[in-house]
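Protein chains: 4
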Amino acid sequence: MGTQRFGAGIWHFATYLDRYATDGYGTPRSVIDAIDLAGQVNDLSVVDINYPFFGGNFSNAQVKEALDRNKLGVIGITPEIYTREFVKGSFTNPDAGVRRRTHELVTEACEQVRYFGADYVKLWPGQDGWDYPFQVDYGTLWKHSLDGVGQLASENPDLKFVIEYKPREPRVRMSFGSVARTLLGIEKIGLPNVGILLDFGHAIMGGESAADSAQLAIDYGRLFGMDVNDNYRSWDDDLVAGSLHPIELFEFFHVLRKNKWEGVWQLDQFPFREDSVATANHAIDFLKAAARGLDALDVDALKEAQSRHDAIGALKIAQKALFGAM
Amino acid sequence: MGTQRFGAGIWHFATYLDRYATDGYGTPRSVIDAIDLAGQVNDLSVVDINYPFFGGNFSNAQVKEALDRNKLGVIGITPEIYTREFVKGSFTNPDAGVRRRTHELVTEACEQVRYFGADYVKLWPGQDGWDYPFQVDYGTLWKHSLDGVGQLASENPDLKFVIEYKPREPRVRMSFGSVARTLLGIEKIGLPNVGILLDFGHAIMGGESAADSAQLAIDYGRLFGMDVNDNYRSWDDDLVAGSLHPIELFEFFHVLRKNKWEGVWQLDQFPFREDSVATANHAIDFLKAAARGLDALDVDALKEAQSRHDAIGALKIAQKALFGAM
Amino acid sequence: MGTQRFGAGIWHFATYLDRYATDGYGTPRSVIDAIDLAGQVNDLSVVDINYPFFGGNFSNAQVKEALDRNKLGVIGITPEIYTREFVKGSFTNPDAGVRRRTHELVTEACEQVRYFGADYVKLWPGQDGWDYPFQVDYGTLWKHSLDGVGQLASENPDLKFVIEYKPREPRVRMSFGSVARTLLGIEKIGLPNVGILLDFGHAIMGGESAADSAQLAIDYGRLFGMDVNDNYRSWDDDLVAGSLHPIELFEFFHVLRKNKWEGVWQLDQFPFREDSVATANHAIDFLKAAARGLDALDVDALKEAQSRHDAIGALKIAQKALFGAM
Amino acid sequence: MGTQRFGAGIWHFATYLDRYATDGYGTPRSVIDAIDLAGQVNDLSVVDINYPFFGGNFSNAQVKEALDRNKLGVIGITPEIYTREFVKGSFTNPDAGVRRRTHELVTEACEQVRYFGADYVKLWPGQDGWDYPFQVDYGTLWKHSLDGVGQLASENPDLKFVIEYKPREPRVRMSFGSVARTLLGIEKIGLPNVGILLDFGHAIMGGESAADSAQLAIDYGRLFGMDVNDNYRSWDDDLVAGSLHPIELFEFFHVLRKNKWEGVWQLDQFPFREDSVATANHAIDFLKAAARGLDALDVDALKEAQSRHDAIGALKIAQKALFGAM
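Sequence order for the protein chains is A, B, C and D. Per full-length UniProt numbering, the first sequence starts with residue 1, numbered consecutively. Per full-length UniProt numbering, the second sequence starts with residue 1, numbered consecutively. Per full-length UniProt numbering, the third sequence starts with residue 1, numbered consecutively. Per full-length UniProt numbering, the fourth sequence starts with residue 1, numbered consecutively.
No lab work stands behind these hints, which were simulated from the structure alone. There may be inaccurate statements among the hints.
No copy labels: a pair is met if it fits in one copy or bridges any two.
Said to hold, decoys possible - Simulated pairs of lysine to aspartate or glutamate, EDC-like, Cα-Cα distance not exceeding 20 Å:
#, residue 1, residue 2
1, K303, E169
2, K288, E262
3, K188, D219
4, K320, D137
5, K258, D219
6, K188, D298
7, K160, D236
Remember, predicted model here, so these are calculated numbers, not experimental data.
Model the full structure from these sequences, guided by the hints.
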């Protein structure tokens, strides 16, 4: 457990807008400001960075320098395929020109991944989907989703691509909307370098048990990344990890360890009204406690209880390990 | 459209219990009573029958006679793998003996399918899943789900098996919980005679767009059956079709016709407090109007609007066709 | 904390039916069987008993004897105004005869409250409401709800009546559906002996923060009782308390103590597939830990954090107290 | 019906931002641009205008001129008490200075109401509430909500104040979250000039039946305004009215007419990716059809069906009237 590494989306340290507070939840920050804040968090090793860089025109070298002075590595690059030019879709845009532009932007992001030595390109096609019945031809839409990702993956066999699925927001219905739908798509694409980034909150807002989703993705050899947060199960509130559903989050970590999945535990939180460093620290404290809880978990007793589907017995074992470690 | 056939689950004409009204929502009815009520519905051609037969010990010949006098055929047989002996699971029960008993009961149901000349065995494993975090080993559970179905399908290559997925109820979390998860499982089983029965209400309660789910299942060659009803999107209320979401239901039918899917349009409604014949008639009236609406739909204009993802334009075309036909 | 008393609905120790497992989740039990099981739970002081008694014809004396030998008192009597004769409504039934029958049954339940020295009559009008748009005249329905409760309360001024609100189930939409709606109704009735029984699970399935609901009911002087359980926020799963939302449950208890609300902490769980005694014991262990957590809670620091709406600061204080006590 | 007037929030004709498309869903528009677009809509009589005016520094006279040339009146003024300075709350902000600033801004909005001859000040305290358990003292928060509104209403007895409740967004939990909670608050305030603006979409996303909510607000004499849109019942998608839930929307209008409620039918839609004029026109076409449907509705037959709670009978009558008018 001592070696567990922690990460965060760099947007954790930005400020936010929404459709009501159009002047933002705080003064704007650049990616450099955000990196410097990330550097203040205890035990953060890596960040996921949006591309293009937000808040100004920064060179790769400038970003690299900021990362270095904060002792941060880059785990992933997230091309912003959900901004104005993509609001009617990125891979699935009805306009072939915008689909090409998506391809170009992600291709640029591939270069960033290489430059920063990151683990993957993160694809989060938040505008791909539909809002209304009858709006789209579903077959065409899905084909465009898979063609777009497939082309990138085959053109860049040296890189990994992770798809972060989400049921909705900003699009009312998203194409890559669940773990199973995404796996179906990935199997259809049929390339080894496409996988899933599993967001705990996206899973539970979609009615999934996140631990089950993780097991399924692992069984297909496709769990390439993950991040955590919390919400009230109906929307992606991106609250601090462990605040509402500590036991289900602990189970999620348990399934990862049980399968010897050894990647980074990342944060994808949006502290709209909170101090971002304090929020990250609080989450990581919870994650460390959860990791200690895994050390303490009586896995043989748990296995035995699970072999009988003994809910109360299994829960008792899990609660004891988790709460004892807090 | 003149040839569109309609069907219903025979339980539509039963009375119901729940955990509060334990003495039932009406006097108990036998399967024979229910068939005689089904016979009073206008334009009902086929029924899906639970096995064992409810409400008494009836021979196949007695049931056949009741069907004949009501001019009803049998589309499917639904083995009751969700009653007392199966409450901790049927295919996924922790007890191998119960898993075998599931196999036996479904095998008996296969005989019924042959006897009645039905189209398929319907598998609805409502108790397969879990209630609590940490209760089960997800990998084992899923394997049991697929092994159980796969064995039956390979032992009975002359028959079709349809899986009716549902997110929850009675199990809090169900194994076959979404269209994509079920397709993943079916592809893993890899046999030609396993498909999906898509319930409109189960799709929308799971946050799916039912028309998209239908397209996906069709694209995999796995849409073997369907049924309709309505609900408030968060629970399987099994209300009368068209009562709450007429446009989405119309879109579902549109996708079927567009793909030349020509199966029976079935009802899976639970009229707890309503007259079951009146409820079925009202639903079929809506379905007939929807079929007329499909005839009237300007498919070229719709296609054009969809090619631009023009939501308002497409909606206008669809509403005009549907409402004009009512 | 040493004096905190615990209770349970006696149905916790029954077996259940639902619309699928119509033969039940176990062999039927009588109220006497259930009382004997309740007696096996550690630290259970009182039970809430359905009237009429289930599972046989038992005299008050027989029930009393069973209670005595198990050292159990009676906190409330729950008249079964949701069984077959009431499926179209109890207080709001369209048939005046059924409304009168509701009145009679609750009046009989009043006698039971007096006989057993219970604290209140519990009203849970689970069938009062509607399923479909246009089904009812809302004004009439609400008037019948208030008239029915008001008449009983004014005829029995020596007794307390508690209304347990719930958003839905078995009725798709229930009249007394939220804390605020119920308080509005109670204020309209205007009698001192009508209050609320707040079920934690009903609050969270309705999107309420249960602690806020408790504060509101207390501020109106109407929090007469409470019970706890857990669910996935969209349906009344009646799972074991503390299994999914321990922090929100802890906050609920915190608000009670802060207001010096000193009633019984009751369980309203439905262990469909679990051992009912083990489930009750596990819940009470959690409740005891939560009570110790309240003792340990740094209320001054919490107050200070709350004065600044400091979410992370407050959460840290609360988690430390709760988890430290487990 | 010929005299039914239609209105819209002026933001219907703006462009939008969200936390992902931070550069917006289109080029920014000023309030003047938006008014000129509103003027292109068929049969729009009035608009609700945000204050301060968005997109530039405009005088009242300039705004008035734009309204005049588009033949538009002003129904309400919506002070922006949900922008950056209010993100931790407006009436309930922990900082007394911000609470005062809220008071000032709304007081300025009162002047606008007088200047434009509008019907009301619309209060939508979207940031008042909480995100996390333990974050706030609920009693204090609620008191601040009521004190803030009450003070304004008593200082401006010549004006009406409407509270638009909503369960969540942008705050995860909002203080004025349901129709009943808001009525409780208004009754506590006890002034005649505070009422409710009922948003159809907010009602259904909160699990309310909007028609029932309208009846309740009317029964308390507090339904001062309304607006319509549609959503998938779990979030405020602000889709075009009638697109998903036409029957429930028709029932909502039916309850208004039945009670002789004769206010403006307003639109509160957010056409993120659609043409705003086309979206408004499509909605108003639906509203006009619904108004014709009310003319055609067999109210005596409906009343009779409702007296028996005959869901199918009532639904048949309603569907016939609505669909026949489309």
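Okay, the hints, checked on the actual structure:
1. K303 to E169: neither (38 Å within a copy, 26 Å between copies)
2. K288 to E262: Within one copy only: 15 Å inside a chain, 37 Å across chains, cut-off 20 Å.
3. K188 to D219: Cα proximity of K188 and D219: in one copy and across copies (16 Å, 12 Å).
4. K320 to D137: between (51 Å within a copy, 19 Å between copies)
5. K258 to D219: within (12 Å within a copy, 35 Å between copies)
6. K188 to D298: Intra 39 Å, inter 33 Å, cutoff 20 Å: neither.
7. K160 to D236: For K160 and D236, neither the intra-copy (26 Å) nor the inter-copy (36 Å) Cα distance is at most 20 Å.
The structure fails hints 1, 6, 7 (numbered hints given earlier, in ascending order).
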